[in-house]
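**Q** Listed here are the chains, written in short residue letters.
4 protein chains.
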Amino acid sequence: MTALSNHTSGFATAYGVDPLSRSIEQQFNDLFEKEVAVFLVSTGTAANSLALATYAKPGGAVFCHEDAHINVDECHAPEFFTAGNKLIGIGGEHGKLTPDALRTAMDKVPDNNPMHGRPAAVSISQVTEFGTLYQLDEIQALADVAHSRNVPLHMDGARFANALVSLDVSPAEMTWKAGVDVLSFGGTKNGCWCAEAVVFFNPGDAEGFEYLRKRAAQVFSKARFISAQFEGYLKDDSWLATARHANAMCTRLADGMRDIEGVRLPIKPEANELFPVFTKEQAARLEAAGAKFYDIPADFTSEDEVFLRLVTCFATTPEMVDEFLTHLRG
Amino acid sequence: MTALSNHTSGFATAYGVDPLSRSIEQQFNDLFEKEVAVFLVSTGTAANSLALATYAKPGGAVFCHEDAHINVDECHAPEFFTAGNKLIGIGGEHGKLTPDALRTAMDKVPDNNPMHGRPAAVSISQVTEFGTLYQLDEIQALADVAHSRNVPLHMDGARFANALVSLDVSPAEMTWKAGVDVLSFGGTKNGCWCAEAVVFFNPGDAEGFEYLRKRAAQVFSKARFISAQFEGYLKDDSWLATARHANAMCTRLADGMRDIEGVRLPIKPEANELFPVFTKEQAARLEAAGAKFYDIPADFTSEDEVFLRLVTCFATTPEMVDEFLTHLRG
Amino acid sequence: MTALSNHTSGFATAYGVDPLSRSIEQQFNDLFEKEVAVFLVSTGTAANSLALATYAKPGGAVFCHEDAHINVDECHAPEFFTAGNKLIGIGGEHGKLTPDALRTAMDKVPDNNPMHGRPAAVSISQVTEFGTLYQLDEIQALADVAHSRNVPLHMDGARFANALVSLDVSPAEMTWKAGVDVLSFGGTKNGCWCAEAVVFFNPGDAEGFEYLRKRAAQVFSKARFISAQFEGYLKDDSWLATARHANAMCTRLADGMRDIEGVRLPIKPEANELFPVFTKEQAARLEAAGAKFYDIPADFTSEDEVFLRLVTCFATTPEMVDEFLTHLRG
Amino acid sequence: MTALSNHTSGFATAYGVDPLSRSIEQQFNDLFEKEVAVFLVSTGTAANSLALATYAKPGGAVFCHEDAHINVDECHAPEFFTAGNKLIGIGGEHGKLTPDALRTAMDKVPDNNPMHGRPAAVSISQVTEFGTLYQLDEIQALADVAHSRNVPLHMDGARFANALVSLDVSPAEMTWKAGVDVLSFGGTKNGCWCAEAVVFFNPGDAEGFEYLRKRAAQVFSKARFISAQFEGYLKDDSWLATARHANAMCTRLADGMRDIEGVRLPIKPEANELFPVFTKEQAARLEAAGAKFYDIPADFTSEDEVFLRLVTCFATTPEMVDEFLTHLRG
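Line by line, the protein sequences are chains A, B, C and D. For the first sequence, this note's numbering gives the first residue as 2, with consecutive numbering after it. For the second sequence, this note's numbering gives the first residue as 2, with consecutive numbering after it. For the third sequence, this note's numbering gives the first residue as 2, with consecutive numbering after it. For the fourth sequence, this note's numbering gives the first residue as 2, with consecutive numbering after it.
Since the hints were made in silico from the structure, they are not lab data. Some hints could be false.
Note that identical chains are pooled: a pair holds if it fits in a single copy or bridges any two copies.
What the hints assert, rightly or not - Cut-off 27 angstroms, straight-line C-alpha distance, at most; resulting in silico cross-link-like pairs (DSS-like, lysine-lysine):
| hint | residue 1 | residue 2 |
| --- | --- | --- |
| 1 | Lys293 | Lys35 |
| 2 | Lys97 | Lys178 |
| 3 | Lys269 | Lys35 |
| 4 | Lys281 | Lys109 |
| 5 | Lys269 | Lys58 |
| 6 | Lys97 | Lys109 |
| 7 | Lys236 | Lys223 |
| 8 | Lys58 | Lys293 |
| 9 | Lys109 | Lys223 |
| 10 | Lys281 | Lys35 |
| 11 | Lys236 | Lys97 |
| 12 | Lys178 | Lys293 |
| 13 | Lys58 | Lys223 |
| 14 | Lys293 | Lys223 |
Pulled out of the complex, with its shape left as it was, chain A reads as follows (with noise of 0.2 angstroms):
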């Protein structure tokens, strides 16, 4: 907030050619060890869809988790910005894709035979879906399976820093030098109002995204609401900050809970992002305290248990887990 508030006085350039915007795409050059090519847009949803429609082909075919946000959260965007390319998702425990179970369900799309379609690009969610990790030699191996078939792997990073601070890695050794071509960077869930970025590792790949971007009502003309909000974003890396503050939090929150009678943790959390099983009478204590929470389903909780999603973040405090944990306990 205080950076964007920073830029609100004095005059600058419409679309995107001011000097901020500028020293943002070298903050990110910066980042990754590497000139990349880096747009910026306003949401989660919109950095997916065009990073999937840069590689979009007709009949293609992006190959997913079955759970992963671009296939069932995104009202179909993706399907609809890449013309119809198909999303194929694939199952995996834990949100996790393998190299075999991705193999597998490209080969069902073979080379030279139109009637299947053909492969267009491999995503992958970091963190995944399931609040868990894809290790480094993980990525590789998918970008290997992708890459065997002459398509780029696409990283969804929504919780892009909660990821890289629980690795311990750099951004680039979780990215390009893992074989990921193009990352959906996200600053949102991680404190920003609205900022997201598409970062290509191979510039050329974005000959033509401003067009993309442009056509897809993502060009602001205040460009720099959404610059000035990664200024400070990435300033004395208050973004792995937070992250960490976050995936601490959610640390926290587990082992509180690994005591309690009735709790169950079938998904080790690795970010910030907690899927614990609840007696129903547990969970019924927390709604009547004012938690917010919805059952997923799930085939491994009997009939007196729900599976939940947790979520901790930047503003999340100790003393909201402690309370949490209190009226879990009962």
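Chains B, C and D: place on chain A using the hints.
**A** Same frame as chain A, but now just chains B, C and D:
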């Protein structure tokens, strides 16, 4: 071919207002014992895609079997013509959807939650992609699920005639009387050059379809080249005769296989498609004799077996069947 | 900015059901003296494209001025979001459509002839792209032509406030009372960071718009960042004050030019845009002093002249205007 | 029809890899004296739309004559198949584009300004929509303008044969030797049932076209029904003979009109289309005798006149022409 030749000479008004086209419309009304809206197109993919596009919505989802032709064999044309509606493939034994599986899948796309989109249609194939059939009450049960969410039931009837003669029911019984709202009525697989039709059982649904079809490049200046095919196809019930013949050849083929060692028929054939398991030796022998087929990946075959798809048609003769069986026996 | 800051602290429910969003809806109802359906988006292109997409049809055509922003300045986003509806640009003096020209253009797209498609909407800009205005009766006359073909009248109100204060009428009078069905209500050009709204005067037309907007990647998890801008924008009529100021600065600029030799004003300014003809010498002098503008091709300029577009805004001061005039005078 | 009948019996592999299809490809290579990539489709709208879709880009614009078939007679299919590229119609006498007018229109879509989009293709019709022809050097001049902006020149050759025999040049001379990159080669208007082809003169441009065509529902399981038509069409130069005949009938009709009082021919016919001005009395007399035509709005006709379009074809006889003239004379 004869019907087509009959319309070669003489002049006719361009673009589908010729007397023959009008006559075809009346024939479809008679066939279905109801006033229908019928539109001729040139491919099954066009019929399916445009039928679904009629009901498409922003964020819409089409629910179908995971092996449905629209889902895996049409180069994602349905996604394209619906401007990016998602096809949600659902598992089900022997190519068939069950009401429970359909309901579960549709429940994941609840009302009033734009993130997940919304239902646009349900689609089934009759004959299914594994040569099986829906009984009338099974169709009705799926229609009920679709209608409970206010979306239509589409039937991909690429092999409509084969299903009809196998079930020994009327066209009306197998469609609108069982809850079907729109039908892709196929002629090509049963003897036509290229003759497919989209049939709307609620003619009001077809408002605007003329524009959809013209925009899809499926309006023919010499429309009688399709209507003439249907004229010949429907005349004297010749379409039912060819379908009956194709089905009979399939039965002959299946019956002939039953006593051959090494052959298994995991799916009971109900129309003109057969999905046998052969030993690799048998398959090799058939290929050496000139047969052409391809191996379908399956988890119920051993290393020494292949799973194949065989189709009989209006032009298959008993001699061909017997020759095939001779080679199979070795 | 202050309004935005007020909403920085504290927690709010994600995805637009926060109390602030509800309050904004009420404010729009009050503003337009009618229950409207209002949807916030982040760019003018998004507002226009989604407003038009709401009424899009297969084969649909949108009739607009040939110089309309939607026709030439939005990278064909309207064509994209409408899945390929055609924009039919119509000539007209000083950026304005006439009912006769509109009717002639629409007559070329008659009913019941799919070859030519069919009308989907009519769109006008208020303020127009040449800084002129439609009077209320002129709007009504265009609405009548649109409605006679059963399509809505859309108003691109990127400069809605500037038009309103210039005509000195109410928001209701300039929209639905004059036949407007849907409005792109712009805040960005009048002081907001990025705040645009689509306003439907027949709320029933907006059925399904939530899906259209989500699929367009225009739904913000922190929706209050847009609604807060509108809160500040509308509060105490500050939006009208900024518009009045911008218009006054334009008048001051125009008045100051009238006595300068070599300057011509072929189009009477009516809001905050000015389209003067300068001598090339004058233009060069201004550029040397730091002004930035570009030459608009025009057939009414001599070889020694340039035709320019100048825009005043909420932040333009009298001193700036006078300094500009000083350089112009030389 | 005979060619089609010859391929009715016997078996052939489905989906276009039959020997006949291969033979047609070779015939096109021979015809154009060059290795081309040729794809058969079923309508002219499909040929045009898919040719243009091959070169479509986000924000792309196709420049064509304002009266071009693709611009006004295809229900906006080109916009749809290009996922929303804009068609920019340009004025020009007698249906013809001039290099100057084309350059002026393209200059309004400059490089590196995403707001205005970018050029994707230039399209001309040969024969034009007003029955006129481009000379070879005129085609080359338009190709030069297109190529200077790095976009291809498309030729809508719905009446390709009529143009060819009128200019008395070779297929190669009228296409790639004059700068044409891709051609819609029409057979339907010159005697086929439904036979159109897209011909790429730089075969590399066609990479991926198989997917585009399949996704467009333009792949036929019995592809030989189109290739057989082309076989008959091209055999023994019968296509040139039918075109020559149609053109001759048009000349006979024009010549016969010249001495009839009240008839004017404002556009010199160059192929098989005639655009005469008749008195209303003459028109009424013809209609009473059974002729069917419609009045084209024109600003050069008096109140007592009508402007009409007459087309002769392969099946028009001298007797028909003379009978028409007899009624015209009254």
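**Q** Does each hint fit the structure? Answer for all of them.
**A** Evaluated hints:
Taking the shortest Cα distances, Lys293 and Lys35 never come within 27 angstroms of each other, neither inside one copy (42 angstroms) nor across copies (34 angstroms). In this assembly of identical chains, Lys97 and Lys178 lie within 27 angstroms of each other by CA distance solely inside one copy; the values are 20 angstroms within and 45 angstroms between copies. Proximity of Lys269 to Lys35 under the C-alpha cut-off of 27 angstroms is found in neither arrangement, the shortest distances being 33 angstroms within a copy and 53 angstroms between copies. In this homomeric assembly, Lys281 and Lys109 come within 27 angstroms of each other (Cα to Cα) only across copies, at 21 angstroms, whereas the closest approach inside a single copy is 42 angstroms.
Proximity of Lys269 and Lys58 under a CA criterion of 27 angstroms is satisfied in neither setting, with 37 angstroms inside one chain copy and 39 angstroms between copies. In the homo-oligomer, the alpha carbons of Lys97 and Lys109 lie at most 27 angstroms apart both inside one protomer (20 angstroms) and across protomers (20 angstroms), since each shortest distance falls under that limit. In this assembly of identical chains, the alpha carbons of Lys236 and Lys223 lie at most 27 angstroms apart whether taken from the same copy (21 angstroms) or from different copies (22 angstroms). Taking identical chains as interchangeable, the C-alpha atoms of Lys58 and Lys293 are never at most 27 angstroms apart, the minima being 41 angstroms within one chain and 31 angstroms between chains.
When the C-alpha separation of Lys109 and Lys223 is checked against a cutoff of 27 angstroms, the pair qualifies only between copies, where the shortest distance is 24 angstroms, while the shortest distance within a copy is 46 angstroms. Taking identical chains as interchangeable, the C-alpha atoms of Lys281 and Lys35 are never at most 27 angstroms apart, the minima being 50 angstroms within one chain and 45 angstroms between chains. For a Cα distance limit of 27 angstroms, the shortest separation of Lys236 from Lys97 qualifies neither inside one copy, at 32 angstroms, nor across copies, at 48 angstroms. In this assembly of identical chains, Lys178 and Lys293 lie within 27 angstroms of each other by CA distance neither inside one copy nor across copies; the values are 40 angstroms within and 43 angstroms between.
Taking identical chains as interchangeable, the C-alpha atoms of Lys58 and Lys223 lie at most 27 angstroms apart only when they sit on different chains, with a minimum of 26 angstroms there against 32 angstroms within one chain. In this assembly of identical chains, the alpha carbons of Lys293 and Lys223 lie at most 27 angstroms apart only when taken from different copies (17 angstroms versus 36 angstroms within one copy).
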